[in-house]
Amino acid sequence: MGSRNLRPGMGRFDAMMPVVGDRFELRDIRVDGDDGPILDGFSARIPAVGLTAIVGESGTGKTTLLRLLNRLDDPDAGVVLLDGRDVRDYDVLELRRRVQVVSQTPVGFPGTIARNLGDAHVTALLARVGLDADMAEREADRLSLGETQRVTLARAIAREPEVLVLDEPTSALDVRAKARIECLLGELADDGMTVVLVSHDPRHAEQLADHVIELG
Amino acid sequence: MTGLSGAVGFAEVALSMVLVAVAVVISRVRGVGLEGDMTVALVRSFAQLLAVGYVLEFVFDGHGGLTFAALAVMVGTAAWTTGRRAKSVPGARGVAAVAIAVAAAATLGVVLALGIVPAEARAVIPLGSMVLSNAMVAASLVMTGMHDRLATSRREVEARLSLACTAREAALPAMRESLRAGMLPIVENTKVVGLVAFPGAMTGMILAGAPPLDAIRLQLVVMYLLLGGNAFAALVAGELTVRRLFTAEHQLIRPLRR
Numbered sequence: 438m439g440s441r442n443l444r445p446g447m448g449r450f451d452a453m454m455p456v457v458g459d460r461f462e463l464r465d466i467r468v469d470g471d472d473g474p475i476l477d478g479f480s481a482r483i484p485a486v487g488l489t490a491i492v493g494e495s496g497t498g499k500t501t502l503l504r505l506l507n508r509l510d511d512p513d514a515g516v517v518l519l520d521g522r523d524v525r526d527y528d529v530l531e532l533r534r535r536v537q538v539v540s541q542t543p544v545g546f547p548g549t550i551a552r553n554l555g556d557a558h559v560t561a562l563l564a565r566v567g568l569d570a571d572m573a574e575r576e577a578d579r580l581s582l583g584e585t586q587r588v589t590l591a592r593a594i595a596r597e598p599e600v601l602v603l604d605e606p607t608s609a610l611d612v613r614a615k616a617r618i619e620c621l622l623g624e625l626a627d628d629g630m631t632v633v634l635v636s637h638d639p640r641h642a643e644q645l646a647d648h649v650i651e652l653g
Numbered sequence: 054m055t056g057l058s059g060a061v062g063f064a065e066v067a068l069s070m071v072l073v074a075v076a077v078v079i080s081r082v083r084g085v086g087l088e089g090d091m092t093v094a095l096v097r098s099f100a101q102l103l104a105v106g107y108v109l110e111f112v113f114d115g116h117g118g119l120t121f122a123a124l125a126v127m128v129g130t131a132a133w134t135t136g137r138r139a140k141s142v143p144g145a146r147g148v149a150a151v152a153i154a155v156a157a158a159a160t161l162g163v164v165l166a167l168g169i170v171p172a173e174a175r176a177v178i179p180l181g182s183m184v185l186s187n188a189m190v191a192a193s194l195v196m197t198g199m200h201d202r203l204a205t206s207r208r209e210v211e212a213r214l215s216l217a218c219t220a221r222e223a224a225l226p227a228m229r230e231s232l233r234a235g236m237l238p239i240v241e242n243t244k245v246v247g248l249v250a251f252p253g254a255m256t257g258m259i260l261a262g263a264p265p266l267d268a269i270r271l272q273l274v275v276m277y278l279l280l281g282g283n284a285f286a287a288l289v290a291g292e293l294t295v296r297r298l299f300t301a302e303h304q305l306i307r308p309l310r311r
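In order, the protein sequences belong to chains Z and U. Each number in our numbering comes from the position in the first sequence (counting from 1) with 437 added on. Each number in our numbering comes from the position in the second sequence (counting from 1) with 53 added on.
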């Protein structure tokens with residue numbers, strides 16, 4: 438377990454990647470599950486700049502790890518630092534505004550897509566995730582999985598977070614939609630947002646990401 | 054007008070037990086297997102009501118000062134029972150006690166303050182018992198409903214929390230549905246009251262010999278009292294249950310997380 442950078446020259450930023458601090462640092466994390474620890478003695482850093490992929494087989498604690506970043510869960514041991522400060526020292530609502538986590542099983546809330554997106558910049562947001570503007574008035578809890586995945590991503594982006602954390606964000610998308618989303622994530626990272634995504638496909642993650650954290 | 058007040062003695066009670074015997078025989082012949090429970094129910098109902106009868110005789114007979122103590126005991130028993138039904142909610146007994154006590158205090162307080170019923174043990178205790186038993190049902194429906202709805206809609210709740218909604222905001226859909234489930238039965242009952250079942254207070258007064266119009270006026274007060282008490286109990290139970298099912302850090306409590 439641990440984090441490593443990709444081979445030099447293979448990341449999207451190539452040699453121009455600036456030297457900057459970590460957005461998140463996880464130190465010696467233990468999370469207990471029903472049958473023993475899910476994570477134990479886990480440490481990793483998530484750089485502030487670029488796109489970080491978390492890879493690992495299913496059951497290695499990827500989703501568990503993400504839940505620590507916005508404090509849906511707290512670790513049983515160890516500490517999570519955001520910008521060098523314990524996440525427990527932030528106001529939790531403030532933390533969650535700054536760190537948007539989109540879960541693996543996306544949920545559209547009752548009401549229109551526009552309403553889900555907060556009724557502002559709806560067309561632009563939909564375009565960014567590759568959805569037509571005329572979807573705005575459709576009910577958000579009656580969409581296909583792929584559509585819901587993109588709506589929940591747009592909903593998170595609409596909050597303009599500093600950190601965007603996505604759990605398998607393209608699992609239900611076709612090739613074209615998947616490419617569109619991956620391109621968007623690259624743009625967001627280039628604009629200075631810290632983007633973290635979980636993937637079960639290490640090879641794909643290496644192509645996409647600037648940093649890779651392996652679990653398991 | 055002659056009523057049944059005083060007309061039923063213990064001999065008559067004993068005779069009516071024939072009907073329980075019939076029920077026991079039916080249960081035995083058809084293999085229902087409830088003979089034991091029926092016997093327990095027979096003995097318990099007799100003993101409990103006899104005890105209550107003596108307590109009420111004592112309180113009504115110049116010991117009205119005990120009214121509050123009697124109500125407090127009833128609230129305690131109701132809270133205990135509700136806490137057991139809703140044990141998936143941490144601290145369920147405390148939640149139930151507050152919800153039920155608030156319901157009783159608010160509704161009885163209003164009818165007493167407005168002079169709708171006299172401030173006498175004979176009025177307050179029976180009315181209180183009706184409010185309490187209804188509030189108890191409402192509170193336990195709301196408490197178990199909140200827990201179960203949050204458990205089944207965990208993903209939606211956590212999606213809302215992830216968008217920086219407060220615990221209360223994230224629980225709002227579950228709360229709304231649970232309050233509805235807690236309040237609906239009494240609303241439905243109130244709509245059809247008298248069409249099939251004559252409710253208790255009215256039945257009692259009519260049997261005791263009161264004119265029907267007197268009986269229905271009291272019954273209307275009782276129904277509205279129950280509606281109000283039910284709403285108070287549901288509301289307070291809902292608000293307190295939210296606090297028990299989330300941490301102060303706007304996280305679902307651990308048993309609901311995974």
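If you are wondering where the hints come from, they were derived from the structure by calculation, not from laboratory data. You may find that some hints are simply not true.
Example chain Z residues on the side facing chain U (calculated, C-beta under 7 Å, incomplete) [said to hold, decoys possible]: (1) R482; (2) N507; (3) V516; (4) V517; (5) L518; (6) R533; (7) T542; (8) L580.
A virtual CB, placed ideally from N, CA and C, is assigned to each residue, including glycine.
Q | Violations among the numbered hints, reported as their numbers in ascending order | A | 1, 3, 4, 5, 8
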